[in-house]
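From first to last, the protein sequence lines stand for chains A and B. Those letters in the first sequence? Residues 56 to 172, by our numbering. Those letters in the second sequence? Residues 208 to 317, by our numbering.
Read the hints as simulated data drawn from the structure, not as lab findings. Among the clues, some could well be false.
Taking lysine-lysine and the BS3-like style, the derived pairs with C-alpha atoms no more than 25 Å apart in a straight line are [claimed, not checked]:
{"id": "1", "chain 1": "A", "residue 1": "Lys97", "chain 2": "A", "residue 2": "Lys112"}
{"id": "2", "chain 1": "A", "residue 1": "Lys133", "chain 2": "A", "residue 2": "Lys112"}
{"id": "3", "chain 1": "B", "residue 1": "Lys261", "chain 2": "A", "residue 2": "Lys112"}
{"id": "4", "chain 1": "B", "residue 1": "Lys260", "chain 2": "B", "residue 2": "Lys275"}
{"id": "5", "chain 1": "B", "residue 1": "Lys261", "chain 2": "B", "residue 2": "Lys275"}
{"id": "6", "chain 1": "B", "residue 1": "Lys208", "chain 2": "A", "residue 2": "Lys97"}
{"id": "7", "chain 1": "B", "residue 1": "Lys275", "chain 2": "A", "residue 2": "Lys97"}
{"id": "8", "chain 1": "A", "residue 1": "Lys133", "chain 2": "A", "residue 2": "Lys97"}
{"id": "9", "chain 1": "B", "residue 1": "Lys262", "chain 2": "B", "residue 2": "Lys275"}
Here are the chains, one letter per residue:
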Amino acid sequence: EPEVTQTPSHQVTQMGQEVILRCVPISNHLYFYWYRQILGQKVEFLVSFYNNEISEKSEIFDDQFSVERPDGSNFTLKIRSTKLEDSAMYFCASGGLGGSTYTDTQYFGPGTRLTVL
Amino acid sequence: KNEVEQSPQNLTAQEGEFITINCSYSVGISALHWLQQHPGGGIVSLFMLSSGKKKHGRLIATINIQEKHSSLHITASHPRDSAVYICAVNAGGSARQLTFGSGTQLTVLP
């Protein structure tokens, strides 16, 4: 069964460094998402991406964050200058086929645990 | 902004018991999702509902749009059902982003 994959599974970085989290969505999906979950808190939406552009973003997704689909298979989240409060589990998700509605099932990757020291 | 509330926060049951987890939301939605989060953190989609009831194996999900409420039931619970169960909603209109509840930690004892 196809699945969303994410790399790395755990990333440790120093405050102020740039990190890139990578995701490979399910191949025929058209919509891609990033969510994060700070330890002990709710999962929060960051950004959604469709047709090579951002379609929705939350107030968390400020200028420090960017997303890209560089090669038609990978979907990346970049954090330019990490802060301590960026430490969280970051989940990639994908969903939506051609002609789909707004309410497709989203398939989640296993997550990348980001630790900022 | 939609507020998604789940109850209970924690639930401990004996193997074989019938389990109900509740979810309520504050603003009209286009769909509600039930998700399962395993101890390692991975999230699996269980159901997506916009009306009525869905069943998959021992899991049943219902939604009452008028009352802005959904329930997830597990029949004949088993220790392998132990996980965090999360309710999430799509806002109305064209929004695809999900707004999540805090989750219900379920522990099923043998």
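Going through the hints against the structure:
1. A:Lys97 x A:Lys112: At roughly 17 Å apart (the allowed maximum being 25 Å), Lys112 (chain A) and Lys97 (chain A) satisfy the hint.
2. A:Lys133 x A:Lys112: Holds, at about 14 Å.
3. B:Lys261 x A:Lys112: violated, 30 Å
4. B:Lys260 x B:Lys275: Holds, at about 14 Å.
5. B:Lys261 x B:Lys275: Status holds; Cα separation ~17 Å.
6. B:Lys208 x A:Lys97: holds, 15 Å
7. B:Lys275 x A:Lys97: Status holds; Cα separation ~20 Å.
8. A:Lys133 x A:Lys97: holds, 21 Å
9. B:Lys262 x B:Lys275: Roughly 20 Å between the alpha carbons, so the hint for Lys262 (chain B) and Lys275 (chain B) holds.
When the structure is compared with the earlier hints, a violation turns up for hint 3 alone.
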